[in-house]
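**Q** So the sequences go chain by chain: G and D.
Residues 992 to 1106 in this note's numbering are what the first sequence spells out, letter by letter.
Residues 9 to 121 in this note's numbering are what the second sequence spells out, letter by letter.
Accuracy of the hints is not assured; some may be wrong.
[Claimed, not checked] Coverage of chain D stretches by chain G, computed from C-beta distances (three or more under 8 Å per stretch; other residues unrestricted):
| # | stretch |
| --- | --- |
| 1 | 26-32 |
| 2 | 39-51 |
| 3 | 112-121 |
[To be verified] Straight-line Cα separation of at most 20 Å, SDA-like style, residue types lysine to any residue; simulated pairs:
| # | chain 1 | residue 1 | chain 2 | residue 2 |
| --- | --- | --- | --- | --- |
| 4 | D | LYS50 | G | GLN1045 |
| 5 | G | LYS1031 | D | PRO16 |
| 6 | G | LYS1032 | D | THR115 |
| 7 | D | LYS108 | D | THR13 |
| 8 | G | LYS1027 | D | THR84 |
| 9 | G | LYS1032 | D | GLU9 |
| 10 | G | LYS1032 | G | THR993 |
| 11 | G | LYS1013 | D | THR13 |
| 12 | D | LYS108 | G | LYS1010 |
| 13 | G | LYS1032 | D | LYS71 |
| 14 | D | LYS71 | G | THR1094 |
| 15 | G | LYS1010 | G | THR1094 |
| 16 | G | LYS1010 | G | SER1053 |
| 17 | G | LYS1032 | D | PRO48 |
| 18 | D | LYS108 | G | VAL1105 |
Worth flagging that the hints you see were computed from the coordinates, not collected in a lab.
Backbone N, C-alpha and C fix where the C-beta goes; we use that ideal spot for every residue, glycine too.
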Amino acid sequence: ETGVTQTPRHLVMGMTNKKSLKCEQHLGHNAMYWYKQSAKKPLELMFVYNFKEQTENNSVPSRFSPECPNSSHLFLHLHTLQPEDSALYLCASSQGVAGGGDTQYFGPGTRLTVL
Amino acid sequence: EDQVTQSPEALRLQEGESSSLNCSYTVSGLRGLFWYRQDPGKGPEFLFTLYSAGEEKEKERLKATLTKKESFLHITAPKPEDSATYLCAVQGVGGTSYGKLTFGQGTILTVHP
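Generate coordinates for the entire structure from the input sequences, incorporating the hints supplied.
**A** Next up, the structure:
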């Protein structure tokens, strides 16, 4: 595997289900990100982890719960979602250079549909 | 608050017809401006990073330029395979935490053979 991988690629869930999205980066990076991409809207940053520590929570509802066990893996745990949460969820990673300005590389995304 | 506006929203070109996409931005201090290409149903693919006004970068038929207020993505003699959504994003120094990118809404480019 190379780059940033995400599983599953597609997910359909009911409002009462609990599911998890997985992201793995094979680039030796130290920072990982979750983004949400809805139709007709710009990408929205959800969470940032730098060296496994959460450094950003962009006012995301508590029904989304991130987990970063190490610098290579990132999870997004989902529970009691709403239909408006249906979107493409993208994971990204970057070198984690102090002061920012380093390039983020994206995975293929998970297409989530909430019924 | 950092802001990014891309224009036009959609652009249709004939193969070989050169054009430019615009990205206007406001940011308290620029750490980097990023261009990505996104195909339908896929994640954004990195194209360029620009750090300071006057900087230019090229890759095949694409050339990105940067001023203090905007960036242009010039496409020379495009081919149908250049059809995609092109995304611009900025990372600023003020009021945002480390690593946060602010994206524009994208320009949908269609190149007809």
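**Q** All the hints need checking, so say for each whether the structure fits it.
**A** Here is what the structure says about each hint:
| no. | hint | in the structure |
| --- | --- | --- |
| 1 | 26-32 | violated (count 0) |
| 2 | 39-51 | holds (count 7) |
| 3 | 112-121 | holds (count 3) |
| 4 | LYS50(D) - GLN1045(G) | 26 Å, violated |
| 5 | LYS1031(G) - PRO16(D) | 14 Å, holds |
| 6 | LYS1032(G) - THR115(D) | 12 Å, holds |
| 7 | LYS108(D) - THR13(D) | 17 Å, holds |
| 8 | LYS1027(G) - THR84(D) | 32 Å, violated |
| 9 | LYS1032(G) - GLU9(D) | 17 Å, holds |
| 10 | LYS1032(G) - THR993(G) | 29 Å, violated |
| 11 | LYS1013(G) - THR13(D) | 31 Å, violated |
| 12 | LYS108(D) - LYS1010(G) | 26 Å, violated |
| 13 | LYS1032(G) - LYS71(D) | 26 Å, violated |
| 14 | LYS71(D) - THR1094(G) | 18 Å, holds |
| 15 | LYS1010(G) - THR1094(G) | 29 Å, violated |
| 16 | LYS1010(G) - SER1053(G) | 14 Å, holds |
| 17 | LYS1032(G) - PRO48(D) | 14 Å, holds |
| 18 | LYS108(D) - VAL1105(G) | 27 Å, violated |
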